[in-house]
Structures are given as structure tokens and as C-alpha cells.
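Student: Residues per chain are reported as follows:
Protein chains: 2
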Amino acid sequence: MAARRPVTIYADLVSQPSRALVVFCRAAGIPHEVKITRIARGEHRTPEFRKLNPLAQLPVAQLWDGEEQWALAESHAILKQLCLHPEVPEHWYPESPRVRGAVDAALDVHHTRIRRGCAVWAFAKVMGPLGKLPVPPKEVVDWHGGMARRAFKDMELMLEAAGEGRFVAGTAEPTIADLSIACELQQLEAVPGADDEMRPTPRVLQWMSDVKGGLQPHWDEVGSVLTKVRAAAEAQGLRA
Amino acid sequence: MAARRPVTIYADLVSQPSRALVVFCRAAGIPHEVKITRIARGEHRTPEFRKLNPLAQLPVAQLWDGEEQWALAESHAILKQLCLHPEVPEHWYPESPRVRGAVDAALDVHHTRIRRGCAVWAFAKVMGPLGKLPVPPKEVVDWHGGMARRAFKDMELMLEAAGEGRFVAGTAEPTIADLSIACELQQLEAVPGADDEMRPTPRVLQWMSDVKGGLQPHWDEVGSVLTKVRAAAEAQGLRA
Chain U
1 MAARRPVTIY
11 ADLVSQPSRA
21 LVVFCRAAGI
31 PHEVKITRIA
41 RGEHRTPEFR
51 KLNPLAQLPV
61 AQLWDGEEQW
71 ALAESHAILK
81 QLCLHPEVPE
91 HWYPESPRVR
101 GAVDAALDVH
111 HTRIRRGCAV
121 WAFAKVMGPL
131 GKLPVPPKEV
141 VDWHGGMARR
151 AFKDMELMLE
161 AAGEGRFVAG
171 TAEPTIADLS
181 IACELQQLEA
191 VPGADDEMRP
201 TPRVLQWMSD
211 VKGGLQPHWD
221 EVGSVLTKVR
231 AAAEAQGLRA
Chain L
1001 MAARRPVTIY
1011 ADLVSQPSRA
1021 LVVFCRAAGI
1031 PHEVKITRIA
1041 RGEHRTPEFR
1051 KLNPLAQLPV
1061 AQLWDGEEQW
1071 ALAESHAILK
1081 QLCLHPEVPE
1091 HWYPESPRVR
1101 GAVDAALDVH
1111 HTRIRRGCAV
1121 WAFAKVMGPL
1131 GKLPVPPKEV
1141 VDWHGGMARR
1151 AFKDMELMLE
1161 AAGEGRFVAG
1171 TAEPTIADLS
1181 IACELQQLEA
1191 VPGADDEMRP
1201 TPRVLQWMSD
1211 VKGGLQPHWD
1221 EVGSVLTKVR
1231 AAAEAQGLRA
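Quick mapping for you: the protein sequence lines, in order, are chains U and L.
Reminder that position 26 of the first sequence reads as 26 in the numbering used here, one-by-one numbering, no gaps.
Reminder that position 181 of the second sequence reads as 1181 in the numbering used here, one-by-one numbering, no gaps.
Watch out, some of these pointers could steer you wrong.
[To be verified] EDC-like mimics (lysine to aspartate or glutamate), calculated; alpha carbons at most 16 Å apart, straight line:
id, chain 1, residue 1, chain 2, residue 2
1, L, Lys1228, L, Glu1189
2, L, Lys1153, L, Glu1095
3, U, Lys212, U, Glu173
4, L, Lys1212, L, Glu1173
5, L, Lys1132, L, Glu1043
6, L, Lys1138, U, Asp142
7, L, Lys1051, U, Glu160
8, L, Lys1138, U, Glu156
9, L, Lys1051, U, Glu156
10, L, Lys1051, L, Glu1067
11, U, Lys51, L, Glu1156
12, U, Lys132, U, Glu189
13, U, Lys51, L, Glu1160
14, U, Lys35, U, Glu48
15, U, Lys138, L, Glu1139
16, U, Lys212, U, Glu189
17, U, Lys138, L, Glu1043
In case anyone wonders, no lab produced these hints; they're calculated from the structure.
In isolation and in its complexed conformation, chain U is listed as follows:
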């Protein structure tokens, strides 16, 4: 077989779905190149980028269909395409309909219940102010903070239903739903004071540790940007 051509990932590593893709390509050994596209500099709003994604959202992947390159947005959709690569272990997106259904549902819960609160809250507390981007009014931020706290409860319920030592979709090994949700919660680490204000429960932290453990050293390397974001936030007195 000819060498596989690399997938191109347009990513801002400060952003959760971008990190999920880059960590996944590295951990699964998918040939890829990362084109850093900075949200704070508006690099996702250029005419060139809008040709890849008219909605001007990151991340975007350029994938191969035979000789033809095509662009796909939305991290969940991209992860599913990456799982078609033969080198990706099957546990990330199992083919059995019943297990796949559970993974799809957990990915949907990520979008409808977990991401909403965490992403708006962390953005308003730190990423927005650092990038000099407009943030929602305080009432809106507080309301999303409440959603983020409920997300920890949702995760508790999902892990309890999955069973002892299992991942969110009930599997014995992690899936793309675990990766996506763990990267979402990881962004809270960039917010000074979140350890007190917005701390996942011990069960959720144990699950995160299990997910991270299987993705090292890529998890820490790709996530190191959050340490820098946190330091910059501390320097500006930004807090939870």
C-alpha cells in the first residue's frame, strides 16, 4: 500500500475540540499535519478559511477520498472519519451497533449538556478576556457556570450507569466520547480558582485520569498551552 497522505488539521490548541483531534491523531499514529489557526487573531474568519468551513468554526480537517482532498468541520464528525483509518484501534469507535449507539449518545450528551456550560464559562472567565474578545453578560456567564456544575453530575450518572472501572459509553476501553468530554473538562484547568469553584467530583477526576493515562505523553504535550493560558490569566488577575 502506498504511504498514507497526511490529514491536515486546522486547530487552535486553546480550543477543546481542536485538542481532541490533535491528541487523537498523535495517539493513534495517524499521519497528520497541524495548521495552527488562532481564534484570538481572527484567523478562522478569513475568506480562505471560510472556503474550508463557511461557518468559520474550528477545527477543520482536510481528509483524502482517493486522490481528492475534502474538508470537514466539527470535531465529532472528524473523529468518526479518522476512526475509519485502518491503524486506529477499534475500541475508539466500536462497530457493534449497540456499542456504537452508546458512544453516539455520549457524544450527543457532550454537545447538549457538557460542552454548553463549560465552554461558555471558561471562555468568559479567561480565553475571551485574554484574546480581547467580547464576552456574554454576567447573568449569562453565571447561568452557564451552573450548567457546567450540572455537567459533573451528568458525568457521575453516566459513569455510574457504565459500571465500575468503565468508560462513559459502558466500554472497558476509552472511546472518542471519553476523549471529547475529557478535553472539554480539561479547559477548566486554565481558569485560576476553578479548582475550588468548578471542581469535578472524585469519580469524574478518576475517570479523567484513566482517559489521560492512555493518551500520554500526547495529552500533556498538546494541553501544555493551557498552563500558559492559566499563567497569563493569573498575571491579569482573571479568576473563576
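Starting from the structure of chain U, add chain L where the hints point.
Tutor: What follows is chain L alone, placed relative to chain U:
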């Protein structure tokens, strides 16, 4: 082949994802029974219902895996399982990876960009007050109203990228992404005054008409509850 056993759908037809499932089962001829579960009466919060979905969210489907029945939550995940039924026309969730990727991405945009604004706004304006359920503060509702308006713009961009006469994922026939997004926008019809305040663009309305057209009479029959909701809202003086 033995007669297929019916899928059981737990649904509140006032809720968009519930309607999407029921319309789909009817239109695709999937044997099913609907168990009406009323959110306003807290019927999704009973211990029995939490055995089906620990997160206490509607809809839930009970599907068959051979002789064994299993429960799955989240409408997108359920729709994908229903598309495995051999009687469902392939256009609803095409198997070609590239087209399936585009459908998955459009479903993700439904969750991350379109549903968020529309669902919170319509709930706060009408469904919440009618059900005597707590609604978010005004600033939060207004912010989500802004998101709902941006969703129309997102839909314009997606339809423009899809091409003349095409559906959101670029296909010539509708997919489960069209169904899900159309049911989401449909709920705005329950809000008196939304015709002025929160009106999709002509292009989006034309696309909705195309989606609905292929789903009649099921679309109108399942959606008739929204006419009653609107009348009840008008009687109570609720408005956009």
C-alpha cells in the same frame, strides 16, 4: 423473516427531538409504539424512567438486539440506529463515508449552533411558562434569542454551500440532519409573535417546506400539538 418487533419511543411531542423520532418512524414505516411522557408533569423524572435514561432526558427508544431489548437516549443517536432498519431508504443516512461525514457534521451543527438558541428561547417564552416550569433570567433568554437568529444565518451559509435545491449536507434528498434541524426551527411556530421577531430567511423557509413536503401527512399530524401550544400561549398572553 419474522415480523419485526416494534420500537418503543418515549416522547413528549412538544419537544423537538421527540417529534423528529416519531415523524421519522412514521415516514419510514418503522413499526413503533409511542409512550407519551410529559415533561411538564415530570414523567421523565420518575425512578422508572431513570432506569431507561439516568440523565432523565427525553426522548428514549427501546430497541431490539436479537431477543434482547435495550434502551438508548439522544435523538441523533437513535435516528442513526433506526437507519439500520432495512426498510429505511438509504438517503436518510448515506453509507458513503464522505456523505456520512457531512451529515454527521450537520447534526453536530444542529446541537452546537442551532438547537442551543432556539430551544432555550422557545422554552422560556412559551413551553416553560405554560408548564409552570422555572425559566432562565431575561438576560439569558435574550442572549439565546440572539443565538437563534444566528442559527438562521448559519442555515443560510450551509444551504449556500450545499448548492441550489440541495439539503444541508449537500445531498439531493433529505437526511436525518434536515429532519432534526427542521423540527428544531418548527418549535418557533408555537411562540406567538415569533413570525415577526424570529423569522427564518426565505431560503431557510423554502428548505423547511421541502423537508416537510416529503414527510406529510406525518409532519403536520405530529406537529399539531404546537398549534395547541400556541393557542394556549395566546390565551395566557405569552409572546415573543
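Student: Take the C-alpha atoms of L/Lys1138 and U/Asp142, compute the straight-line distance between them, and say whether it is at most 16 Å.
Tutor: Roughly 13 Å separates the two Cα atoms, so the pair holds.
Student: Keeping to a limit of 16 Å between CA atoms, is the pair of U/Lys35 and U/Glu48 held or broken?
Tutor: Cα-Cα ~13 Å, so holds.
Student: For the pair supplied as a hint, L/Lys1132 and L/Glu1043, is the alpha-carbon distance within the 16 Å limit?
Tutor: Holds - the C-alpha atoms of L/Glu1043 and L/Lys1132 are around 14 Å apart, at most 16 Å.
Student: Holds or violated: are the alpha carbons of L/Lys1051 and U/Glu160 at most 16 Å from each other?
Tutor: Holds: L/Lys1051 and U/Glu160 sit about 12 Å apart, inside 16 Å.
Student: Straight-line Cα separation of U/Lys138 and L/Glu1139 no greater than 16 Å?
Tutor: Judged against 16 Å, a Cα distance of about 9 Å means the pair holds.
Student: CA of U/Lys212 to CA of U/Glu189, is that 16 Å or under?
Tutor: 14 Å, holds
Student: Is the hinted pair L/Lys1228 and L/Glu1189 satisfied, with a Cα-Cα distance of at most 16 Å?
Tutor: 11 Å, holds
Student: Could you grab the alpha-carbon distance between L/Lys1153 and L/Glu1095 and see if it respects the 16 Å cut-off?
Tutor: 29 Å, violated
Student: Is the Cα-Cα distance between U/Lys212 and U/Glu173 16 Å or less?
Tutor: 12 Å, holds
Student: Are U/Lys51 and L/Glu1160 close enough, with their CA atoms no more than 16 Å apart?
Tutor: This hinted pair holds, its Cα atoms lying about 12 Å apart.
Student: Take a quick look at whether U/Lys51 and L/Glu1156 sit within 16 Å of each other, Cα to Cα.
Tutor: Given that 16 Å is the threshold and the Cα spacing comes to 15 Å, the pair holds.
Student: Verify the proposed pairing of L/Lys1051 with L/Glu1067, using a straight-line Cα cut of 16 Å.
Tutor: With a Cα-Cα distance of about 19 Å, the restraint between L/Lys1051 and L/Glu1067 is violated, given a limit of 16 Å.
The structure shown violates the earlier hints numbered 2, 8, 10, 12 and 17.
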